[in-house]
Amino acid sequence: MKRAFTALLIASLVLGHSAPAHAYLKFGVPIRGQQVTVKWAQTPVRYFVSDTGVPGVSAVDFQNAVGRAFATWQAVPTASITYQLAGVTSALPGSDDGSSVLGFRSRPDLDRVLASTSFLVDSTTGALIESDIFFNSAFQWSTAAAGETGRYDLESIALHEIGHFSGLGHSALGETEMISTGGRRVLSAEAVMFPIAFAPGSIAARTLKADDIAGISDLYPDGDFQTTDGSLSGSVTKDGQPLFGAHVVAFNPATGTMIAGFTLNAQGQFSIGGLSPGPYAVRVEPLDDADIDSFFSSAQTVDIDFRVAFFDRVVAVPKGGDSGQIALKVVHK
Amino acid sequence: MIRTAIVTFALCALCGWSAPVFAQADPPVSRLELGVGVRWIGTEPLGTQAANETTGAGAKSPLFSTTSELGGAAGIDGRVGVRLSHSFVAEIEGTYAKPELRIAVSADTEGAAPVTATETIQQFTIGGNLVWYLPLRQRSPRFAPFAIGGGGYLRQLHDSGTLVDTGSFYHVGGGVSTLLSSGGHWHTKGVGVRADVRAFIRTNGVAFDGGSKTSLAAGASVFVRF
Numbered sequence: 001m002k003r004a005f006t007a008l009l010i011a012s013l014v015l016g017h018s019a020p021a022h023a024y025l026k027f028g029v030p031i032r033g034q035q036v037t038v039k040w041a042q043t044p045v046r047y048f049v050s051d052t053g054v055p056g057v058s059a060v061d062f063q064n065a066v067g068r069a070f071a072t073w074q075a076v077p078t079a080s081i082t083y084q085l086a087g088v089t090s091a092l093p094g095s096d097d098g099s100s101v102l103g104f105r106s107r108p109d110l111d112r113v114l115a116s117t118s119f120l121v122d123s124t125t126g127a128l129i130e131s132d133i134f135f136n137s138a139f140q141w142s143t144a145a146a147g148e149t150g151r152y153d154l155e156s157i158a159l160h161e162i163g164h165f166s167g168l169g170h171s172a173l174g175e176t177e178m179i180s181t182g183g184r185r186v187l188s189a190e191a192v193m194f195p196i197a198f199a200p201g202s203i204a205a206r207t208l209k210a211d212d213i214a215g216i217s218d219l220y221p222d223g224d225f226q227t228t229d230g231s232l233s234g235s236v237t238k239d240g241q242p243l244f245g246a247h248v249v250a251f252n253p254a255t256g257t258m259i260a261g262f263t264l265n266a267q268g269q270f271s272i273g274g275l276s277p278g279p280y281a282v283r284v285e286p287l288d289d290a291d292i293d294s295f296f297s298s299a300q301t302v303d304i305d306f307r308v309a310f311f312d313r314v315v316a317v318p319k320g321g322d323s324g325q326i327a328l329k330v331v332h333k
Numbered sequence: 001m002i003r004t005a006i007v008t009f010a011l012c013a014l015c016g017w018s019a020p021v022f023a024q025a026d027p028p029v030s031r032l033e034l035g036v037g038v039r040w041i042g043t044e045p046l047g048t049q050a051a052n053e054t055t056g057a058g059a060k061s062p063l064f065s066t067t068s069e070l071g072g073a074a075g076i077d078g079r080v081g082v083r084l085s086h087s088f089v090a091e092i093e094g095t096y097a098k099p100e101l102r103i104a105v106s107a108d109t110e111g112a113a114p115v116t117a118t119e120t121i122q123q124f125t126i127g128g129n130l131v132w133y134l135p136l137r138q139r140s141p142r143f144a145p146f147a148i149g150g151g152g153y154l155r156q157l158h159d160s161g162t163l164v165d166t167g168s169f170y171h172v173g174g175g176v177s178t179l180l181s182s183g184g185h186w187h188t189k190g191v192g193v194r195a196d197v198r199a200f201i202r203t204n205g206v207a208f209d210g211g212s213k214t215s216l217a218a219g220a221s222v223f224v225r226f
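Chains as they are written, first to last, in our numbering: chain L, 1 to 333; chain W, 1 to 226.
Source of the hints: derived by calculation from the structure; they are not laboratory data. Please read all numbers here as calculations on a predicted model, not as lab measurements. Just so you know, even glycine gets a beta-carbon here, dropped at the ideal spot from N, CA and C. Treat the hints with care, since some could be wrong.
Stated by the list, open to error - Coverage of chain W stretches by chain L, computed from C-beta distances (three or more under 8 Å per stretch; other residues unrestricted): (1) 61-72; (2) 107-118; (3) 146-160; (4) 167-173.
Let the sequences and hints guide you as you build the complete structure.
Shown next, in the form of structure tokens:
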């Protein structure tokens, strides 16, 4: 069988311009008129690490930090994906050679990009063939256990990029503010997959959040994940018209966790999976804290002209099932 | 606990079936009592919870806050009692009510208007009681004060009909019953009314923090003795 390879997209962790939305997204490619989720077809996923270090981070430090980040994703009990270090290589990330490579590259031109993940996808099946992650050596890096002032924590950034490597898109569970020099500064986030990094020195993003865990478990469900967890679905309208790109957050008052999703079609429908059974409060907000293109392609029109609102009903998510369609209505700002 | 309650009831019933029958206000001897009425169970606070995000320093930053409760509700109550002895009656009691689950959302950092999201819960309980008629009735022969305790199983069905929470409950309290008429038609030996107040302790069920919930419960019923 002849395979058609397509370099799908590049997902980057940027320094300071993106939009805050919430919820995990999965990557997809259109195949024969249908959107197919991009994911690894087989595990363990084998990866190579580059043999090149940077000031403050040796090649061994790099390998260890990346290994810890892979181990964090692999430790999610409800996800089946596993990873395996295939070895050390002198190859650089970004070459479409069929091997997944993580390493440093100097890209001073990308002055807001800390790291980036690229993919090679089998365009007949949606299966990932290769995924490379480069860390921009134009920035200062650290692998110190407690972080290091003025340096970005490599393990935190690797954790984010490995989410992409595994097929996850960005989450919008975070808040930002504009900064005078341009771009945005993160005030808080509740997903490792939020597109904007914390300031240098922070190690707060070394821990996966509920939204990340739901996302990876939805992509690679393990055990009885699909029978024990449920989903919440519905639609969002404004003035009776469906809303695309609205960010919908499911809040569990028993655990305090938030898992979110977006309205993703012309009918303004959304579905949030990976929810523990129980009652939920539901919040809907516009994607107005960062660049829309961190989440959606520029061809899609995202409406952000509406007020944040809560659904006036408690939504019960059943075990292994769906809440049933709820109808969220929002109004202009 | 539910098993304990049922076993207790069964033992009491066996022991008591041949015991002397107690009759208040000199009613005809009766063994069986059927009652139906209303029961109100008070509001149960379910706690507060913040929707926290994490700052770069690792601190919590609330996006909004919630305060939850299971609202008080009146429902129907039915019971069957069997007299065990002069002073004790064993009962099986069931209730049905539709309390409202409320999640009040406030303090949204992006200015969303506060909302109280609600959902109606269908709540069923089935359990056993032991009723002890206090030896105080000489002063007022028409009224029979009693103490009551028991426990059982609780099932709470959410609005959608697809999510069920189960738990157990215990209660202790007291009340008074009085006969409105004794003797009677067909095979009845008396008709009366009963009222009680209880401390109602629930574990599990709709509970966000996993702890026990205590609330006040009160009931009134009409009963027929056979």
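For each hint, the structure was consulted:
Residues of the stretch 61-72 of chain W lying with their CB closer than 8 Å to a CB of chain L number 5, which satisfies the three-residue condition for coverage. Look at the stretch 107-118 of chain W against chain L: 10 of its residues bring a Cβ nearer than 8 Å to a Cβ of that chain, three or more, so the hint holds. With 3 residues bearing a CB less than 8 Å from a CB of chain L, the stretch 146-160 of chain W meets the requirement of three and the coverage assertion stands. With a cut-off of 8 Å between beta carbons, the stretch 167-173 of chain W has 0 residues touching chain L; three or more are needed, and the interface restraint is violated.
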